[in-house]
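Asker: Sequence:
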Amino acid sequence: MKTLISPERKWFDFGFKQLWQYRELLFTLATRDIKLRYQQTFLGIVWVILQPVLTSVIFSLVFGRLAKLPSDNVPYELFAFAGLLPWNLFKDSIQRAANSVVAEKNLIDKVYFPRMIIPFSYSASALFDFFVVLLANIVIFIFFGYYPTWKIIFFPLLLVINLFLASGIGLIVSALSAYYRDFIYAVPFLMQTWLYISPIAYSSTLIPKNWMFVYDLNPLVGVLEGFRWMLLDGDVFPWSAVIKSFLIGIMIFIAGTLVFRRIEDNFADVI
1 MKTLISPERK
11 WFDFGFKQLW
21 QYRELLFTLA
31 TRDIKLRYQQ
41 TFLGIVWVIL
51 QPVLTSVIFS
61 LVFGRLAKLP
71 SDNVPYELFA
81 FAGLLPWNLF
91 KDSIQRAANS
101 VVAEKNLIDK
111 VYFPRMIIPF
121 SYSASALFDF
131 FVVLLANIVI
141 FIFFGYYPTW
151 KIIFFPLLLV
161 INLFLASGIG
171 LIVSALSAYY
181 RDFIYAVPFL
191 MQTWLYISPI
201 AYSSTLIPKN
211 WMFVYDLNPL
221 VGVLEGFRWM
231 LLDGDVFPWS
241 AVIKSFLIGI
251 MIFIAGTLVF
261 RRIEDNFADV
271 I
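Residue numbers (the numbering used here): 1 to 271.
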(Lines of atoms letter the chains of each structure in order from A and count residues from 1; the text may use other names and numbers.)
(Lines give C-alpha, C1' and ligand atoms only; values in the text may rest on other atoms or scores of the structure.)
Protein backbone atom coordinates (compact mmCIF):
# COMPACT_ATOMS: atom_id res chain seq x y z
CA MET A 1 0.00 0.00 0.00
CA LYS A 2 1.29 3.41 -0.94
CA THR A 3 0.63 6.60 0.98
CA LEU A 4 0.65 9.88 -0.85
CA ILE A 5 1.51 12.88 1.28
CA SER A 6 0.62 16.23 -0.29
CA PRO A 7 0.04 19.73 1.06
CA GLU A 8 -3.51 20.62 1.97
CA ARG A 9 -5.19 22.60 -0.79
CA LYS A 10 -7.11 25.50 0.71
CA TRP A 11 -9.92 27.14 -1.20
CA PHE A 12 -8.44 30.59 -0.95
CA ASP A 13 -4.83 29.64 -1.59
CA PHE A 14 -4.20 31.70 -4.74
CA GLY A 15 -0.53 30.78 -5.02
CA PHE A 16 0.61 34.28 -5.99
CA LYS A 17 3.70 34.01 -3.79
CA GLN A 18 4.92 31.01 -5.79
CA LEU A 19 4.16 32.81 -9.03
CA TRP A 20 6.45 35.63 -7.98
CA GLN A 21 9.20 33.17 -7.06
CA TYR A 22 8.98 31.63 -10.55
CA ARG A 23 8.57 34.94 -12.41
CA GLU A 24 11.69 34.29 -14.51
CA LEU A 25 10.11 31.12 -15.89
CA LEU A 26 6.98 33.06 -16.78
CA PHE A 27 9.07 35.62 -18.67
CA THR A 28 11.03 32.86 -20.42
CA LEU A 29 7.90 31.04 -21.60
CA ALA A 30 6.26 34.26 -22.79
CA THR A 31 9.40 35.29 -24.69
CA ARG A 32 9.66 31.83 -26.26
CA ASP A 33 6.04 32.03 -27.45
CA ILE A 34 6.65 35.40 -29.10
CA LYS A 35 9.80 34.21 -30.88
CA LEU A 36 8.17 31.01 -32.14
CA ARG A 37 5.15 32.89 -33.45
CA TYR A 38 7.18 35.15 -35.72
CA GLN A 39 9.97 32.76 -36.57
CA GLN A 40 10.37 32.14 -40.33
CA THR A 41 7.70 34.68 -41.32
CA PHE A 42 8.31 37.11 -44.17
CA LEU A 43 6.38 40.07 -42.75
CA GLY A 44 7.02 39.19 -39.12
CA ILE A 45 5.55 41.68 -36.70
CA VAL A 46 3.73 43.50 -39.51
CA TRP A 47 1.06 40.79 -39.30
CA VAL A 48 0.13 42.11 -35.84
CA ILE A 49 -0.77 45.50 -37.32
CA LEU A 50 -2.37 44.20 -40.52
CA GLN A 51 -5.03 42.18 -38.71
CA PRO A 52 -6.83 45.07 -36.91
CA VAL A 53 -6.27 47.43 -39.85
CA LEU A 54 -7.89 45.06 -42.35
CA THR A 55 -10.68 44.22 -39.92
CA SER A 56 -11.43 47.91 -39.34
CA VAL A 57 -11.52 48.47 -43.12
CA ILE A 58 -14.02 45.60 -43.55
CA PHE A 59 -16.12 46.92 -40.67
CA SER A 60 -16.04 50.37 -42.23
CA LEU A 61 -17.31 49.08 -45.58
CA VAL A 62 -20.01 46.80 -44.16
CA PHE A 63 -21.22 48.62 -41.06
CA GLY A 64 -20.11 52.18 -41.81
CA ARG A 65 -20.82 52.61 -45.53
CA LEU A 66 -23.54 50.01 -46.20
CA ALA A 67 -25.37 49.75 -42.87
CA LYS A 68 -24.56 53.40 -42.02
CA LEU A 69 -24.25 52.74 -38.31
CA PRO A 70 -23.40 55.79 -36.16
CA SER A 71 -19.81 56.16 -34.99
CA ASP A 72 -20.12 58.85 -32.29
CA ASN A 73 -19.17 61.69 -34.68
CA VAL A 74 -15.72 60.30 -35.51
CA PRO A 75 -14.49 58.58 -38.70
CA TYR A 76 -15.83 55.05 -38.62
CA GLU A 77 -12.38 53.58 -39.36
CA LEU A 78 -11.02 55.11 -36.15
CA PHE A 79 -14.15 54.14 -34.24
CA ALA A 80 -13.68 50.49 -35.22
CA PHE A 81 -9.92 50.55 -34.70
CA ALA A 82 -10.29 51.93 -31.16
CA GLY A 83 -12.67 49.09 -30.29
CA LEU A 84 -10.56 46.39 -31.90
CA LEU A 85 -7.48 47.38 -29.88
CA PRO A 86 -8.72 46.13 -26.46
CA TRP A 87 -10.86 43.42 -28.07
CA ASN A 88 -7.90 41.73 -29.77
CA LEU A 89 -5.96 41.69 -26.51
CA PHE A 90 -8.93 40.08 -24.76
CA LYS A 91 -9.54 37.53 -27.54
CA ASP A 92 -5.90 36.61 -28.15
CA SER A 93 -5.18 36.19 -24.43
CA ILE A 94 -8.03 33.71 -24.01
CA GLN A 95 -7.40 31.79 -27.23
CA ARG A 96 -3.71 31.37 -26.51
CA ALA A 97 -4.32 30.35 -22.89
CA ALA A 98 -7.04 27.83 -23.85
CA ASN A 99 -4.63 25.27 -25.32
CA SER A 100 -1.64 26.18 -23.16
CA VAL A 101 -1.86 23.43 -20.52
CA VAL A 102 -2.36 20.72 -23.14
CA ALA A 103 0.47 22.12 -25.29
CA GLU A 104 2.91 22.02 -22.36
CA LYS A 105 2.25 18.40 -21.42
CA ASN A 106 5.94 17.43 -21.54
CA LEU A 107 6.92 20.29 -19.28
CA ILE A 108 4.21 19.45 -16.75
CA ASP A 109 5.27 15.79 -16.65
CA LYS A 110 8.94 16.54 -15.97
CA VAL A 111 9.32 19.62 -13.78
CA TYR A 112 7.54 21.12 -10.81
CA PHE A 113 6.50 24.76 -11.01
CA PRO A 114 3.26 26.68 -10.38
CA ARG A 115 1.01 25.50 -13.21
CA MET A 116 -0.69 28.88 -13.48
CA ILE A 117 2.51 30.17 -15.05
CA ILE A 118 1.58 28.34 -18.27
CA PRO A 119 -1.69 30.13 -19.16
CA PHE A 120 -0.32 33.39 -17.76
CA SER A 121 2.76 33.19 -20.00
CA TYR A 122 0.67 32.46 -23.09
CA SER A 123 -1.65 35.36 -22.27
CA ALA A 124 1.31 37.63 -21.51
CA SER A 125 2.66 37.10 -25.01
CA ALA A 126 -0.53 38.76 -26.31
CA LEU A 127 0.56 41.93 -24.50
CA PHE A 128 3.48 42.24 -26.89
CA ASP A 129 1.10 42.34 -29.87
CA PHE A 130 -1.14 44.77 -28.02
CA PHE A 131 1.57 47.36 -27.45
CA VAL A 132 2.78 47.08 -31.05
CA VAL A 133 -0.75 47.78 -32.30
CA LEU A 134 -1.17 50.53 -29.70
CA LEU A 135 1.84 52.41 -31.09
CA ALA A 136 0.50 52.00 -34.63
CA ASN A 137 -2.90 53.11 -33.36
CA ILE A 138 -1.49 56.33 -31.90
CA VAL A 139 0.35 57.13 -35.14
CA ILE A 140 -2.81 56.62 -37.20
CA PHE A 141 -4.92 58.68 -34.81
CA ILE A 142 -2.41 61.54 -34.85
CA PHE A 143 -2.51 61.46 -38.66
CA PHE A 144 -6.28 62.02 -38.45
CA GLY A 145 -5.87 64.81 -35.89
CA TYR A 146 -6.58 62.90 -32.66
CA TYR A 147 -3.68 63.53 -30.27
CA PRO A 148 -3.12 61.87 -26.87
CA THR A 149 -4.60 63.95 -24.04
CA TRP A 150 -4.64 63.87 -20.25
CA LYS A 151 -7.20 61.06 -20.55
CA ILE A 152 -4.32 58.66 -21.16
CA ILE A 153 -3.99 58.43 -17.35
CA PHE A 154 -6.95 56.01 -17.44
CA PHE A 155 -4.99 53.63 -19.65
CA PRO A 156 -3.54 51.50 -16.77
CA LEU A 157 -7.00 51.07 -15.21
CA LEU A 158 -8.63 49.96 -18.47
CA LEU A 159 -5.73 47.66 -19.29
CA VAL A 160 -5.83 45.99 -15.86
CA ILE A 161 -9.59 45.39 -16.16
CA ASN A 162 -9.05 43.82 -19.58
CA LEU A 163 -6.28 41.58 -18.23
CA PHE A 164 -8.36 40.53 -15.22
CA LEU A 165 -11.18 39.45 -17.52
CA ALA A 166 -8.98 37.66 -20.04
CA SER A 167 -6.78 35.97 -17.43
CA GLY A 168 -9.73 34.75 -15.38
CA ILE A 169 -11.49 33.21 -18.37
CA GLY A 170 -8.17 31.89 -19.71
CA LEU A 171 -7.47 30.10 -16.41
CA ILE A 172 -10.89 28.44 -16.40
CA VAL A 173 -10.75 27.33 -20.03
CA SER A 174 -7.13 26.12 -19.89
CA ALA A 175 -7.79 24.07 -16.75
CA LEU A 176 -10.99 22.47 -18.06
CA SER A 177 -9.39 21.84 -21.47
CA ALA A 178 -6.99 19.43 -19.78
CA TYR A 179 -9.99 17.24 -18.96
CA TYR A 180 -12.27 17.98 -21.92
CA ARG A 181 -10.83 19.12 -25.26
CA ASP A 182 -14.27 20.44 -26.19
CA PHE A 183 -13.41 23.69 -24.42
CA ILE A 184 -10.56 24.35 -26.85
CA TYR A 185 -12.94 24.07 -29.80
CA ALA A 186 -15.64 26.10 -28.05
CA VAL A 187 -13.43 29.16 -27.48
CA PRO A 188 -13.48 30.46 -31.10
CA PHE A 189 -17.29 30.19 -31.13
CA LEU A 190 -17.47 31.97 -27.78
CA MET A 191 -15.22 34.77 -29.02
CA GLN A 192 -17.21 35.17 -32.24
CA THR A 193 -20.45 35.47 -30.27
CA TRP A 194 -18.89 37.87 -27.77
CA LEU A 195 -17.68 40.06 -30.65
CA TYR A 196 -21.23 40.70 -31.83
CA ILE A 197 -22.72 41.37 -28.40
CA SER A 198 -20.01 43.96 -27.63
CA PRO A 199 -19.86 47.55 -28.95
CA ILE A 200 -17.03 47.02 -31.43
CA ALA A 201 -18.73 47.42 -34.82
CA TYR A 202 -21.52 49.57 -33.39
CA SER A 203 -21.98 52.22 -30.72
CA SER A 204 -23.61 51.64 -27.33
CA THR A 205 -25.88 54.58 -28.12
CA LEU A 206 -27.94 52.18 -30.26
CA ILE A 207 -28.95 50.23 -27.14
CA PRO A 208 -32.28 51.42 -25.63
CA LYS A 209 -31.76 53.20 -22.30
CA ASN A 210 -34.01 50.79 -20.41
CA TRP A 211 -31.71 47.95 -21.51
CA MET A 212 -28.41 49.65 -20.71
CA PHE A 213 -28.15 48.28 -17.17
CA VAL A 214 -28.41 44.72 -18.48
CA TYR A 215 -26.16 45.48 -21.46
CA ASP A 216 -23.45 46.87 -19.16
CA LEU A 217 -23.25 43.48 -17.46
CA ASN A 218 -21.16 42.48 -20.45
CA PRO A 219 -17.80 43.27 -18.79
CA LEU A 220 -16.23 44.32 -22.09
CA VAL A 221 -18.62 47.23 -22.55
CA GLY A 222 -16.86 49.39 -19.96
CA VAL A 223 -13.42 48.52 -21.34
CA LEU A 224 -14.34 49.23 -24.97
CA GLU A 225 -16.20 52.45 -24.24
CA GLY A 226 -13.39 53.56 -21.94
CA PHE A 227 -10.76 53.04 -24.62
CA ARG A 228 -12.86 54.96 -27.17
CA TRP A 229 -13.36 57.82 -24.73
CA MET A 230 -9.62 57.91 -24.06
CA LEU A 231 -8.35 57.57 -27.64
CA LEU A 232 -11.03 59.58 -29.46
CA ASP A 233 -11.36 62.34 -26.86
CA GLY A 234 -14.93 61.55 -25.88
CA ASP A 235 -17.10 63.84 -23.78
CA VAL A 236 -18.23 61.76 -20.80
CA PHE A 237 -16.27 58.96 -19.16
CA PRO A 238 -18.46 55.79 -18.91
CA TRP A 239 -18.11 55.49 -15.14
CA SER A 240 -21.04 53.12 -14.60
CA ALA A 241 -19.93 50.64 -17.27
CA VAL A 242 -16.26 50.79 -16.20
CA ILE A 243 -17.09 50.17 -12.53
CA LYS A 244 -19.23 47.16 -13.49
CA SER A 245 -16.44 45.86 -15.72
CA PHE A 246 -13.94 46.27 -12.89
CA LEU A 247 -16.06 44.41 -10.33
CA ILE A 248 -17.01 41.62 -12.73
CA GLY A 249 -13.38 41.35 -13.86
CA ILE A 250 -12.17 40.83 -10.29
CA MET A 251 -14.84 38.20 -9.64
CA ILE A 252 -13.99 36.31 -12.85
CA PHE A 253 -10.27 36.44 -12.06
CA ILE A 254 -10.79 35.12 -8.52
CA ALA A 255 -13.11 32.39 -9.80
CA GLY A 256 -10.62 31.42 -12.51
CA THR A 257 -7.76 31.24 -10.02
CA LEU A 258 -9.74 29.11 -7.57
CA VAL A 259 -10.93 26.69 -10.27
CA PHE A 260 -7.42 26.30 -11.68
CA ARG A 261 -5.82 25.75 -8.28
CA ARG A 262 -8.39 23.15 -7.27
CA ILE A 263 -7.84 20.86 -10.27
CA GLU A 264 -4.23 21.51 -11.32
CA ASP A 265 -2.82 18.61 -9.27
CA ASN A 266 -4.24 16.06 -11.71
CA PHE A 267 -3.03 17.67 -14.93
CA ALA A 268 -0.18 15.21 -15.42
CA ASP A 269 -2.60 12.27 -15.14
CA VAL A 270 -5.33 13.48 -17.50
CA ILE A 271 -3.51 15.33 -20.29
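These aren't lab readings, by the way, just hints derived from the structure by calculation.
The beta-carbon is built from N, C-alpha and C at its ideal position, and this holds for glycine as well.
Hints may contain errors.
Claimed, not checked - The following label-pair restraints were derived from C-beta to C-beta distances:
hint, residue 1, residue 2, range
1, 105, 211, 41 to 49 Å
2, 208, 113, 44 to 52 Å
3, 144, 237, 18 to 26 Å
4, 37, 181, 17 to 25 Å
5, 180, 70, 23 to 31 Å
6, 149, 28, 31 to 39 Å
7, 269, 140, 45 to 53 Å
8, 180, 66, 19 to 27 Å
9, 37, 61, 24 to 32 Å
10, 263, 67, 41 to 49 Å
11, 205, 39, 28 to 36 Å
12, 62, 110, 26 to 34 Å
Unchecked claim - With a Cα cut of at most 16 Å, we get these calculated EDC-like pairs of lysine to aspartate or glutamate:
hint, residue 1, residue 2
13, 151, 33
14, 105, 235
15, 105, 233
16, 151, 265
17, 110, 269
18, 110, 233
Asker: Which numbered hints turn out to be false for this structure?
Answerer: 5, 8, 11, 12, 13, 14, 15, 16 and 18
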